[in-house]
Amino acid sequence: MQESVIMKIHYGTALGAVVLVAIHILFRMTQNFSESLQYESVIANYHFLPYAIMLELILILLSVHGFNGLRVILLELKQGVGYEKAVNYGCIAAIAVLVAYGSRTILMAGFGM
Amino acid sequence: MAAITPKLSDEFPSTIVSSTNSVTLRILKFNPKTDSAATFVEFKVPVQKWTTVLDVILAVKQHLDPSVAVRYSCRQASCGSCGMKINGRPSLACYTKISELNSNVVTVEPMDNFPILRDLAVDFTQFFSAHKKLKPYIIRDDSEVTEDTKEFLQTPKEVEEYLQFSYCIKCGLCNSACPTMATDSSFIGPQALAQAYRYVADNRDNGKKDRLKIIDDSHGIWRCHFAGSCSQVCPKGVDPAMGIQLLRGYLLGFRK
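Quick note, the sequences are listed as chains P and B, same order.
Here the first sequence stands for residues 0 to 112, where the numbers follow numbering that gives the first Met the number 0.
Here the second sequence stands for residues 0 to 255, where the numbers follow numbering that gives the first Met the number 0.
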């Protein structure tokens with residue numbers, strides 16, 4: 000993939016995450032802070048499908064943005080064909096693992112497992 | 000009757016006639032072939048208020064230590080040969096007066112982010128190879144020397160698009176000041192990127208697609224953090240940081 004495409008995704012995920020996290024914070028402000036973190040409130044969020052979809056989107060956006068940022072830092076830190084390949088594929092694998100694990104949590108809480 | 004010629008100090012009492020002034024010049028000496036570590040060597044050198052750092056280095060070379068390695072040529076900030084770190088800041092030695100440094104100690108070191116050949120002379124091989132990689136010339140299918148079109152006329156506005164970038168003298172100060180170059184040895188560098196913009200912005204050129212492809216690399220234009228130090232140190236007033244941002248505009252689709 001061309002670096003310009005990757006960086007467009009990087010900027011896009013940042014903007015998307017800012018908007019969705021802002022909505023997430025506004026939702027939290029509808030309740031008291033302590034109330035918002037109660038077990039029933041948290042589970043209720045996962046049972047509300049549009050909200051669960053939004054949490055899943057935040058997870059994907061932040062994972063992609065965060066691990067691409069880490070990839071860029073690591074590429075600037077050290078150079079070499081093998082090292083760069085390891086960093087690129089390592090970050091893709093890390094995104095996949097984090098999204099899979101987070102999605103599992105969202106699905107399990109959503110289905111009451 | 001003898002004529003009385005007033006001295007400069009009598010005419011302008013506030014003027015400091017500094018023929019007796021001197022500075023301590025500290026030169027970082029290092030030969031990678033024979034030395035294990037770099038060492039500073041100090042010299043006491045008399046200066047006038049118009050003396051440049053290059054004058055002082057050459058005085059040391061002529062009278063005190065002929066082994067000092069320094070690259071220079073035009074002595075008027077046109078050739079870009081005498082780039083070095085002067086009191087910690089990348090500058091041209093011929094373009095920096097001792098008087099403007101406001102210090103009695105002048106420390107000169109080779110430029111950062113370049114391999115050292117010896118003392119103040121650094122290796123420009125990678126620098127020029129990055130410059131050449133960006134095809135720093137007008138690319139066109141047709142030739143300039145035809146019967147009908149002997150020259151390609153441009154409006155002043157079209158020239159303005161790239162003019163300041165054509166003032167680059169390839170001294171390497173921007174690359175030396177760049178924080179990305181300090182860690183990423185494969186980074187193409189602000190000089191080459193600014194030159195890529197110089198030709199991409201030239202309406203006579205048709206090589207935009209090629210150049211954008213070259214800079215759109217994992218160690219290309221996207222690694223610039225926009226620190227702006229390249230633009231701060233340029234002795235010719237070129238703004239490579241701006242050129243890089245404008246080039247990004249082409250890649251992001253903001254500019255055509």
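Worth flagging that the hints you see were computed from the coordinates, not collected in a lab.
Where hints are given, some of them may not hold.
Unchecked claim - Below, computed lysine-lysine pairings styled on BS3-like, alpha-carbon distance capped at 30 Å:
1. B:K96 x B:K156
2. B:K96 x P:K84
3. B:K96 x P:K7
4. P:K7 x B:K255
5. B:K134 x P:K77
6. P:K7 x B:K207
Outcome of the hint check:
1. Between K96 (chain B) and K156 (chain B), the direct Cα distance comes to roughly 36 Å. Violation of the 30 Å bound is thereby established for this hinted pair.
2. The hinted pair formed by K96 (chain B) and K84 (chain P) fails the criterion: a straight-line CA distance of about 48 Å is larger than 30 Å.
3. Simply put, K96 (chain B) and K7 (chain P) have alpha-carbon atoms about 46 Å apart, too far for the 30 Å limit, and the pair is violated.
4. Among the hinted pairs, K7 (chain P) with K255 (chain B) is consistent with the structure: their alpha-carbon atoms are about 17 Å apart, no more than 30 Å.
5. Distance restraint check for K134 (chain B) and K77 (chain P): the Cα-Cα separation of roughly 27 Å lies within the 30 Å cut-off, and the hinted pair is therefore satisfied.
6. Restraint check: the Cα-Cα separation between K7 (chain P) and K207 (chain B) comes to about 20 Å, which is no more than 30 Å; the hinted pair holds.
Going down the numbered hints, you'll see the structure goes against 1, 2, 3, while the others check out.
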